Every structure is written in C-alpha cells, then in structure tokens.
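Protein chains in written order, with our numbering: chain A, 1 to 120; chain B, 1 to 120.
Worth flagging that the hints you see were computed from the coordinates, not collected in a lab.
Since the model is a prediction, treat every value here as computed from it, not as a measurement.
Using N, Cα and C, we set each Cβ at its ideal position, and we do this for glycine too.
Some hints here could point you the wrong way.
[What the hints assert, rightly or not] Here are a few chain B residues that sit away from chain A, every Cβ distance over 10 angstroms (derived from the structure):
1. Met1
2. Glu47
3. Asp49
4. Ile58
5. Ala60
6. Thr63
7. Ser91
8. Ala94
[Unchecked claim] Have a look at the derived ranges for each label pair, beta carbon to beta carbon:
9. B:Arg55 <-> A:Ala79: 29 to 37 angstroms
10. B:Asn87 <-> A:Asp22: 25 to 33 angstroms
11. A:Arg84 <-> B:Arg76: 19 to 27 angstroms
12. A:Glu80 <-> B:Asp22: 18 to 26 angstroms
13. B:Ala106 <-> A:Pro83: 25 to 33 angstroms
14. A:Ala60 <-> B:Ile30: 36 to 44 angstroms
15. B:Ser119 <-> A:Glu80: 21 to 29 angstroms
16. A:Pro51 <-> B:Gly32: 42 to 50 angstroms
17. A:Val90 <-> B:Gln34: 41 to 49 angstroms
18. A:Ser119 <-> B:Arg84: 24 to 32 angstroms
19. A:Glu47 <-> B:Asp22: 29 to 37 angstroms
20. B:Pro51 <-> A:Thr52: 34 to 42 angstroms
21. B:Pro51 <-> A:Glu47: 34 to 42 angstroms
22. A:Ala15 <-> B:Thr63: 30 to 38 angstroms
[Stated by the list, open to error] Computed footprint of chain B on chain A; a stretch qualifies when at least three of its residues, placed anywhere within it, have a C-beta under 8 angstroms from a C-beta of chain B:
23. 1-13
24. 17-31
25. 60-73
26. 105-112
There are 2 protein chains.
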Amino acid sequence: MHALLLIAHGSRRTASNQEVQDLARKIEAIAGSQFDSVSSAFLEIAEPDIPTGIRRCIEAGATAITIVPYFLSAGRHVAEDIPREINKAVSEHADVKINCLPHIGANPSMPDFLISGVSG
Amino acid sequence: MHALLLIAHGSRRTASNQEVQDLARKIEAIAGSQFDSVSSAFLEIAEPDIPTGIRRCIEAGATAITIVPYFLSAGRHVAEDIPREINKAVSEHADVKINCLPHIGANPSMPDFLISGVSG
Numbered sequence: 001m002h003a004l005l006l007i008a009h010g011s012r013r014t015a016s017n018q019e020v021q022d023l024a025r026k027i028e029a030i031a032g033s034q035f036d037s038v039s040s041a042f043l044e045i046a047e048p049d050i051p052t053g054i055r056r057c058i059e060a061g062a063t064a065i066t067i068v069p070y071f072l073s074a075g076r077h078v079a080e081d082i083p084r085e086i087n088k089a090v091s092e093h094a095d096v097k098i099n100c101l102p103h104i105g106a107n108p109s110m111p112d113f114l115i116s117g118v119s120g
Numbered sequence: 001m002h003a004l005l006l007i008a009h010g011s012r013r014t015a016s017n018q019e020v021q022d023l024a025r026k027i028e029a030i031a032g033s034q035f036d037s038v039s040s041a042f043l044e045i046a047e048p049d050i051p052t053g054i055r056r057c058i059e060a061g062a063t064a065i066t067i068v069p070y071f072l073s074a075g076r077h078v079a080e081d082i083p084r085e086i087n088k089a090v091s092e093h094a095d096v097k098i099n100c101l102p103h104i105g106a107n108p109s110m111p112d113f114l115i116s117g118v119s120g
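Only chain A is shown next, with the shape it has when bound in the complex (with noise of 0.2 angstroms):
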C-alpha cells in the first residue's frame, strides 16, 4: 500500500488547518491508482504532527510513504525542520519505504498554475 501525506505547517486558524485536509481529501479522489490514502500532518501547532501522521499511514498498512511539504519556499522549515523530522522516521521505520519530494513551490509548473490563477 502506498500512502501520500501532506506536511503543511499549521496555523492556530482552524479554518487553515481544514483547508489543508480538504485538499488531501480532494487529492484522495483525483488520485486514481496512484496512492491508497492521502492524508495531511503538521509541522506545528496542528495535530497530527510528522510521527503521528506517519504512524498513522503505517498503522492503516502503507508500505510505502510518498511526502510532499505543502510549502512554498525553502524557508527553515523545508530546509531543515521537515527533513529532521522526516530522518527519525526512516530510522524508526526501517520497513517502509518512505520518500520526500520537494516542495511544491519547486514545480517547475508553478509560473503557469500562478498565471492560470490570475487569469481565470
């Protein structure tokens, strides 16, 4: 079983943190054969945290664990917190394969989806 998970840093805004789950739930049913479960974790503030949102994914049967920091920028928080994070899991779940993409500001596509924004 392969699981996608967003890291997104959480906001004491609730509405935040929910916009952040809808949009795993939206990415769940546009997801196809590609990933079993998409689910979100936070870096701060909002549960889950990484370990619980990665526990939890192994807990439902992931095998293997595809992460996306819902970020931006490469701030502290990608360049280091997330990867820290991330290392003490791989080491705590040597049995599944866990994997970090870039972050999602990093998409090439990222001129063309924000000019798509505007235009639409």
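Using the hints provided, position chain B relative to the given structure of chain A.
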C-alpha cells in the same frame, strides 16, 4: 500600466526569498500582454515590504496593481495581516486600482497541480 505583485511571507534564508523573486521573473516572462511588470514583496523579515513593493509599482508607472498572496492556506497572515497592509495602501494611493486576489492555495486547480508534481 498593470503590475502583478506577489506577496510572500519572507524568510531569514536568502535562498528562499530569491525563489520568490525568481518566480516573479518567470511569471513576467510568460505574462504576455496581461501584465507590464511582475514583482514581489514580503510581509515580514525580507525586503521590500508590502508598502515599498506597492510604491515601486506605482513609481514604475502602474495605474492598476493585481496582488496575489503567495500563501497556501488562509492563516492569520492571509486573513488579517495582508488585508490590513493592502487597505492602508488603497487609502494612500486612491488614484491606483489595487485588487487583491485569493491566496494561491485557494486555486481550485491545486489538487491537480499537486498530483501532477508527484507524478512528474
């Protein structure tokens, strides 16, 4: 003249702020006749700040400024801090049409954009 202004959070990491400035340049390259200029400003930490970013657009000849908050979810910054800064700018530059779009995380195509980055 119509300017597009991205507003990002701002980071202590220069590379992170540079990512935003690079993005603005890439968007300018594909904006065609839609925008005469594309630039960026930062809510916190980095320069230019929002009032300076708006003033520079106007000094460069902008009579209309479209602002896109380069944020993924509507936390406090998107819900309160950026609107407050923009409202101030609107009252200070009454002769310029300043329009703020939703944050990019609200783009209804975000699920497709995200899954395309995972697949790609």
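The hints, checked one at a time:
1. Met1: 16 angstroms, holds
2. Glu47: Its Cβ never comes within 10 angstroms of chain A, the nearest being 15 angstroms, so this holds.
3. Asp49: 17 angstroms, holds
4. Ile58: Non-interface label on Ile58 (chain B) holds, nearest chain A Cβ at 19 angstroms vs cutoff 10 angstroms.
5. Ala60: Holds, because the least Cβ-Cβ distance between Ala60 (chain B) and chain A comes to about 19 angstroms, which exceeds 10 angstroms.
6. Thr63: 17 angstroms, holds
7. Ser91: The claim holds: Ser91 (chain B) sits with its nearest Cβ about 24 angstroms from chain A, beyond 10 angstroms.
8. Ala94: Non-interface label stands for Ala94 (chain B): nearest chain A Cβ at 24 angstroms, farther than 10 angstroms.
9. B:Arg55 <-> A:Ala79: 29 to 37 angstroms: Holds, at about 31 angstroms.
10. B:Asn87 <-> A:Asp22: 25 to 33 angstroms: This hint holds: roughly 28 angstroms between Cβ atoms.
11. A:Arg84 <-> B:Arg76: 19 to 27 angstroms: Between Arg84 (chain A) and Arg76 (chain B), where Cβ atoms are some 25 angstroms apart, the hint holds.
12. A:Glu80 <-> B:Asp22: 18 to 26 angstroms: 21 angstroms, holds
13. B:Ala106 <-> A:Pro83: 25 to 33 angstroms: About 28 angstroms separates the Cβ atoms of Ala106 (chain B) and Pro83 (chain A), which means 25 to 33 angstroms holds.
14. A:Ala60 <-> B:Ile30: 36 to 44 angstroms: Given about 41 angstroms between the Cβ atoms, the range holds.
15. B:Ser119 <-> A:Glu80: 21 to 29 angstroms: 27 angstroms, holds
16. A:Pro51 <-> B:Gly32: 42 to 50 angstroms: 46 angstroms, holds
17. A:Val90 <-> B:Gln34: 41 to 49 angstroms: 44 angstroms, holds
18. A:Ser119 <-> B:Arg84: 24 to 32 angstroms: Given range 24 to 32 angstroms: holds, Cβ gap about 27 angstroms.
19. A:Glu47 <-> B:Asp22: 29 to 37 angstroms: Distance hint for Glu47 (chain A), Asp22 (chain B) holds at roughly 34 angstroms.
20. B:Pro51 <-> A:Thr52: 34 to 42 angstroms: 41 angstroms, holds
21. B:Pro51 <-> A:Glu47: 34 to 42 angstroms: Check passed, 36 angstroms falls within 34 to 42 angstroms.
22. A:Ala15 <-> B:Thr63: 30 to 38 angstroms: 35 angstroms, holds
23. 1-13: holds (count 7)
24. 17-31: holds (count 9)
25. 60-73: Three-residue rule met by the region 60-73 of chain A, so holds; n is 6.
26. 105-112: Three-residue rule met by the region 105-112 of chain A, so holds; n is 7.
Hint violations for this structure: none, all hints satisfied.
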